[in-house]
Each structure stands twice: as C-alpha cells, then as structure tokens.
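These protein sequence lines are chains A and B, in that order.
For the first sequence, the working numbering gives the first residue as 1, with consecutive numbering after it.
For the second sequence, the working numbering gives the first residue as 546, with consecutive numbering after it.
Think of the hints as simulated: they come from the structure by calculation, not from any bench.
Fair warning: there could be bad hints in the mix.
List time: in silico DSBU-like cross-link candidates among lysine-lysine, alpha-carbon distance up to 35 Å [as the list claims (entries may be wrong)]:
no., chain 1, residue 1, chain 2, residue 2
1, B, Lys614, B, Lys792
2, A, Lys518, B, Lys882
3, A, Lys531, B, Lys792
Only some residues are given here: those of chain A computed to face chain B with a beta carbon under 10 Å [said to hold, decoys possible]:
no., residue
4, Trp351
5, Ser363
6, Asn428
7, Met431
8, Leu476
9, Val477
10, Gly513
11, Val515
Stretches of chain A that chain B covers, calculated by requiring three or more beta carbons in the stretch to come under 8 Å of a beta carbon on chain B [said to hold, decoys possible]:
no., stretch
12, 336–343
13, 519–525
C-beta atoms are modelled at their ideal positions from N, C-alpha and C, and glycine is treated no differently.
Here is what each chain is made of, one letter per residue.
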Amino acid sequence: MRIADLAARTRRQLSAWLLAMALAPAAFAAGVDPDLLAALAGDDSQARLEAVARLGQQAEPAAADVLEALNEDRLYATADGRVLIDTGGGGARDAASGQELAAMPGDASSVTINNRLRRAIGAALAGSRLFSPDPAVRLAAAQRLSGGADAALLPTLEKALADERHPAVRQALQVAAAKLQLQSDDPQVRRRAAQLLGETRDAAFRPVLAAMLAQDGQGAYAEPDAGVREAAQAALRAIDRHLATIEWSGNLFYGISLGSVLLLAALGLAITFGLMGVINMAHGELLMIGAYATYVVQGLFRAWAPAWLDWYVIAALPVAFVATALVGMALERTVIRWLYGRPLETLLATWGISLILMQAVRSLFGAQNVEVSNPAWMSGGLSVLGGGLVLTYNRLAIIVFALLVVFFVWLLLNHTRLGLFVRAITQNRRMADCVGVPTGRVDMLAFGLGSGIAGLAGVALSQLGNVGPDLGRGYLVDSFMVVVLGGVGQLAGTVVAALGLGGVNKFLEPYAGAVMAKIAILVLIVLFVQKRPQGLFAPRGRSVE
Amino acid sequence: MNRTLNATLGAPPAAALPALARRPLFSPRAWLALAAACALLALLPLLNLAFAPGHALHVSSYAVALLGKFMCYALAALALDLVWGYAGILSLGHGLFFALGGYAHGMYLMRAIGRDGVYQSDLPDFMVFLNWKEYPWYWAFTEHFWYAALLVVLVPGVLAFVFGYFAFRSRIKGVYFSIITQALTFAAMLLFFRNDTGFGGNNGFTDFKRILGFPITAPGTRAALYWLTLAALGGFLVLARAVTQSKLGRVLTAVRDAENRVRFLGYEPLGFKLFVWTLSAVMCGVAGALYVPQVGIINPGEMSPENSIEMVIWVATGGRGTLVGPIIGAGAVNGLKTWFTSVFPEFWLYALGLIFVLVTLFLPQGIVGLARRLYARFAEGGR
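Construct the complete structure from the given sequences, taking the supplied hints into account.
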C-alpha cells in the first residue's frame, strides 16, 4: 500500500518534472507574472500583500515555489529587477523565466518580510499548495483550510476541486468549500451547500450539518433560515441512510465471510458425521494440522523459492489436503473402524486422539502461535460504497474458496463412483455390502475425504487468524452446531446452516456484543433442535429407529 | 438402531434380573467392603491431625487435600454414571452442574470474606474493581449459609429439570443430546467469562477466608470438609444404588436398552429420565459445592467442554453402570494426572489421550469389568 503510494507519487513528480522541463520557459513565464514579482520585491507593503494573495490564488506550482521561498527567506531581488530563488548549494533560479543560474549574482539582496506579510503568506501558501503535485501536501493544505479559511479563498478551492482526483484530498476540499459556503450571508448559497454536502453522503459532514440544527438555550437554531434547516435536515437523513446501508452491507459481508469459514470448518464434519455417522471430536485438530501444513509450506517456500512466496498458499492446498487425509485414514484404520455403530465410544476415542494430536503439535512446533502471513495479493481490500466499506481480499478469497470446495464436494458425492458408494452406504450399509460395495475401503476413503476437506479449511483459517495448537478447539463446537442445525446427511443443509449462523451472528453482534451474540446463537440452536430434532433439512421418513 | 443402542451401552450390569422380588441394596460382603473403605478414608485426616510431620504415621496435609478433591471428582463421576450407565444419557455438560454448585457455594464464601478483601469493602474485590455499588439481585440472601446450600441444590436441579424436560420431550438422545449438552456448558462458560455477569469473570471466586466462622485453611476445617465430602460420597453411593435397584431403576435400564419398546409397553420414559437426570445434576452440584472450599477457587474454566469430557473418561475407565467403578476411575485417572503433571507434565495429554482410546477399544467395561472377568476366570479355574 505504502509502496504503491510512493510509486504513484514518484511517477507523478517525475511526469510533472518532465513536463516542466519541456515547457519550462513558457510555463513559468505564463505562471508567475513578472509584475507580481516586481510588486513582491518592491517597498509598497499594500502592493506586496496583494501580490501574495494573488499568487496564492494561482494554480501553478511555480507560484507556490515563490511563496515558499519568500516564507523561508530564500527569495532575492537583483538591482536590475530580476527575482531569484535560492535553490541551495549556491544555485539560483529566475522566478519569472524558470531559468537556472549556476550562482547567485553578487548584487542580489534578500527580500525581507514583516509579520503581517508572513501571516498573509501562510494563508496564501495553503491556497497555492492545493495545486502541489504531491497529494500529501495537497491533503495537508486542504485540511488546514477546512479548519477555517478566508472566504476569499472560495474560488481557489472550487478551482482546485475541479481538478482534484485524489479521494481524501477531494473530501477535505469539499468540507472546506462547503464550510465556507455555509458561512455565506445568502441563504440560497447556504442551502445549496447543505444540499451538496448531503449529496456526497459522506459521514465527515455529519458534525457540520448537525451543528446547524443545534438549538441554543433560548431555543433559537444555529441556522436562522428555515429553508436551509430543512435542506440540512434532508442532507443529514441522506447521510444517515447511507451510513445505515454501509453498516448493513458490512454486517452482510462479515456474516457471509464468517458463514463461509464455518462452512469450510463444518463441511468435512458433514461428511464424516453427517454421511458416515462417525462423531469425530478430532475434527478441530484436523483443521489445525491443515493450518500447520500451510505454515510448513510457507517455510519451505521462504527457504527454497522466495521468488514464488506469494503463491505458497496455492501450493499449501494439496499439501494440507493430503496430510490431513492421511492422518484421517490412519485414524479410521486404527481406531474408528472398531467402533462403528457405537457413536458414544467413537466420541470418546476421537477426543483422546484430539488430545494426542494437539500435544504432538505442541511438541513439534512449540506451544506458541506460529506466524503465517498473507500473500501480497491477499492483503488490502476492495473499497465499495464510496469508501465506506472495505471488503478485504483475504475474506473475499475465502468466500470464493468455500464455494469452490462445496462445488467439488457436491460433484464428488453426486457424480463419481465413490460418491455413489458413500451414499449407498449411508442409506443401507448391509444392502450395499451385499451388492458388492467394498464398504471397508469406501469408509476409509470417505473418512479421508472428510479429513482432507478439514485440511483445506485449515489453510483458509490460517489466512484469517492465529495458528496455534488450540486453533481447532474454537471451531469444534461451532462445526457441530452447523451440522446439527443443517441436518444429518444433507450438504445443502450444511451450507444453509453455516451461512445462516454466520449471518445471524454478525447481525446480533452490534446489539448484544460478540460474546452474548454467541451465547444467544447457542441457546437458539438448542431451542431449535427441540422443535426439529433432525435439523433443517431432515429426510422425511416413517421409520422408528 | 436398537442394536447400536445396545452395543453403545454395553451389556447390562452383572446383576441381571433374576426375579421380580425386591433386590437387596448391597450384599453383606459389599456392605462390609464399603464400611471398611469409608473407615480407612476417614482415618487419614485423623492421622494428619494427631501426628506431627515427620512421624511415621503422619499423613501430609497435601495428601488429605488431594484425596478430598478426588472424592469430589468421584461424586461427580458417580452422578454421571447414574445417567450414562443406567439411563444411556451421555452428558458432555456435567461440568456445568459441578461449576454451578461451586459458584452457588462460592457466593456465600465470597460474602463471608467480609471486609478482609484487598479493598476492605463490603463488596467482593471484583465488584469494587468494576465500580459496582451494591450486590446484584441474584446475590440476595447469599450471606446466609443455608440459603447458599439451598442454591447449591436448586440451581443445577432446576436448570437440569428445565433443560431435560425440553430435551427428553422432543426425544433428543444419543449423540445429539451429548453435543447439545456440550454446547450448553460452552455457552455458560462464555457467559461466566464476562465481567458483567457478576461472578468475577475470568478469575472467578477465590481468596476465601472462612466458612461458618471457621478459618478455611485451618487443618481442623479441612478435615471437617474432608469428612463431609466422604459422607456425601458414601450417602450418594447408597442413594444411587437404591435408585438403580428399585423398580424405577429397572425401567431406566429398559429405557437405556430399548426406549421405543418401553414406550410401546405403555411407559412414558420422560418422567424416569427426567428424574434421574435431575438427581444426577444435583449430585454434581453438591460435588462442586464441596470442591470449592477445599480447592479455594472456582472459575469459568470448570465449565469448559474439556472438563466435562474428562469426567466421562473417569466413568469409562472405572466401568460404567457399576456405580463403584466411576469412583475408582475418578481416583485412578486423577491420581495418574497428579503424578504425570508433577513428573512429566508435557506427557500428560498423551497419556490422557491414550486412556481415552485404549479404554474405549479394549476396556469397554472399565476396571471393574476387567476385575469381574478376572475374578470369574479365577473362580472357574479354582472349581
């Protein structure tokens, strides 16, 4: 971000400089009027003040240069009427022609200024700096003016506003201009200014407008004209509406983002628990292993392929998938296989496994969180709604990623042989066995698939938060809630439940606070399951167990 | 699913159903063993008080405190066994009832500190810290020990009753029930972590000074608490045995093994399950209340899902559906934990994880089941 800014600045300065080189004599000749310069160097203080003010209203950087030089006592006048700027190191430049001189002529004397002139220069400089090629300088000048400025500067401001492209500077300029207009004696102008402020829909104008509507002790409004008040009221409403839209969209975005994280975390569980009926309490630790796989891949890239570091996340995906799928399949073969049909025992055994995995990661990588950094293309964000809301790229990437994973899981379950077998076993294990489905192997593969997806989710989680041995614990209860809410054996239910939970959570947060929102959600789920024990999308049936 | 349910819960306890006559509470030999165990355990604080440190018969205060703590755990495990072993309800949220009992008693203990706190205020330190001027309404009357004792029973009991009523009425069972109870204790933990909840937030209650006017750290008070815990454990063991040996207990066992069949036979399982579930929660609450003064602290960490699952492994290790097993299991697992955390702290989680895996795979009936099997083989060989 900062580098990009710097680059833009350098580019801009460079192009300005090139332009100046090409057009130098003409530009400067047109820019700084020699008569003004002469007045500046003269003795008549009134004429000097006027010259300063007029220089301040000029849009050319050269005018600002002159004012700056004057302010810093670097402006010299020669006996023959030339005005020179000391460029440092003994060099000088003719202010009127822009011609560079190797040395300051011997007869040049410093142009002195008094305090009154100094104050005028300060105001004028702010005006002329509005045309500086450097956005930072322009922003500082605009902010100085928005704090309070002379009404005479209004045309300058409008002129600057017409050319300004930088959003932050533009906003500061608008505030400054509107503030000046609001001080106008003409109610029409004030009214127009209020309307303009409303049209920008910018929260920065809210205090200005609210101040107009404030009543003093006697009940008199700060703004005497009723029409203007009405305009200000309307502008306030427009701004508030816009703010509400931003808040709402923000909640929606963060809700979807949280929902997609929950979805990723729960999707693997939806396969192992939902389809196979295996309660895998070590699911959270599989997420954690996926995140640590990302960390390891990042380390390898740092060591061996620093040039490709930005793309390590992509490489981490297959690594995490394979690593967690292998762990999952090993679990299935050694422990879970012996506990099919005994869900409570499975729960306890997998909890034990989760403890072992967690401690193993602690022994290998230490109990501290490890550092996993976002690649450059994932940092930053997309600014929408007039800059009111920033959609960060990492969250956008995870939303897209979650949708892709859901799509592939759907494809796998509904359009491959393995998926067919998994569904057959879900419906009737014995019958599937009878018609020749290798149930043992399919169980292992399906468990591996569910675990692998947990690994993919771990990669995504590593881009959002801390990566530590406890990473999985925080998501365990949440993922189970998603699966329970969505209904067992239903991919669609999982998707809806995850997005719904994420959304409800984020919309509750502003009112109840993060912790209370979470508690409310848990209580709501408990109540919901009372009503529909089979979840949102329960398969209809009449069987009694 | 019936088949799975049977398998899930293991075979019914060894004392099958030979006749419909009222079954004896314990066999004479079991009574004898129980009395002997109680007497032995009751002796330890006496040895601590009577003999000076260094004497051959002296039992260290640390050992007494540790055993007192283990007995609280054992009581919680007994409560869990009542619902899991006999009614097939696996709760992953019993830590909540344990902690609620502890907090209810803790409220009294906090008020008993009086003005001896750091800020020398009538309010507990954490309330002074939050700039609260008076007790919230739910702290009313907690300065009276008997009211707090009533809360110890009522709070877990009422919560369990309400939650159980809705859960059992909508026939939530098996894994779903387990996960929901886990969510419940997780939600409660988050709630108690908040400072605004009025229970000391993160730090919970600690720095207790006295109980019923006695200094809480004095050896005499500690011994009294120990005996009280032992009495509670023995009493609840007999009560639990009475429940499981009664007709009600038989219906419960039937519900555990084939709930729908019981339903078709004309029983409504709701009342039976609700009774044993509430009783279990109350027992757990009492265990928590006895635990807090002995350990000197209660904080929301007790409500973490991890703690509740650890309770389950005490029961599984000892042998569920045996009542004595969970007591043995709680002692064994916690003894192991104490040893590991002092000698190989970094290996304790490996050991605990292995206990979970190995017990479920190879010891489905726990230590008691193993002992019974060995005994049966021995008896057969001797004949």
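Mind taking a look at whether chain B covers the stretch 519–525 of chain A? Criterion is 3 or more residues with CB to CB distance under 8 Å.
holds (count 4)
Measuring from the C-beta of Ser363 (chain A) to each C-beta in chain B, is the shortest one below 10 Å?
holds, 7 Å
Do the numbers back the hint for Trp351 (chain A), that is, is its least Cβ distance to chain B under 10 Å?
holds, 5 Å
Can you confirm whether the C-alpha distance between Lys614 (chain B) and Lys792 (chain B) stays at or below 35 Å?
holds, 33 Å
Using Cβ atoms only, decide whether Met431 (chain A) comes closer than 10 Å to chain B, and label the hint accordingly.
violated, 16 Å
Holds or violated: Lys531 (chain A) with Lys792 (chain B), Cα cutoff 35 Å?
Status holds; Cα separation ~32 Å.
Once the shortest beta carbon distance from Asn428 (chain A) to chain B is found, is it less than 10 Å?
Status violated, d = 13 Å.
Under the criterion that the straight-line Cα-Cα distance not exceed 35 Å, is the pair Lys518 (chain A), Lys882 (chain B) satisfied?
holds, 33 Å
How about Val515 (chain A): closest beta carbon in chain B under 10 Å, or not?
Constraint on Val515 (chain A) satisfied, holds at 5 Å.
Closest C-beta approach of Val477 (chain A) to chain B relative to 10 Å, hint status:
The hint holds - Val477 (chain A) has a Cβ within 10 Å of chain B, the shortest such distance being about 5 Å.
Under 10 Å, Cβ to Cβ, is where Leu476 (chain A) needs to be relative to chain B, so tell me if that hint holds or is violated.
holds, 8 Å
Per the coverage rule (Cβ-Cβ under 8 Å, at least three residues), is the stretch 336–343 of chain A covered by chain B?
holds (count 5)
In terms of the numbered hints stated before, the structure departs from hints 6 and 7, listed from lowest to highest.
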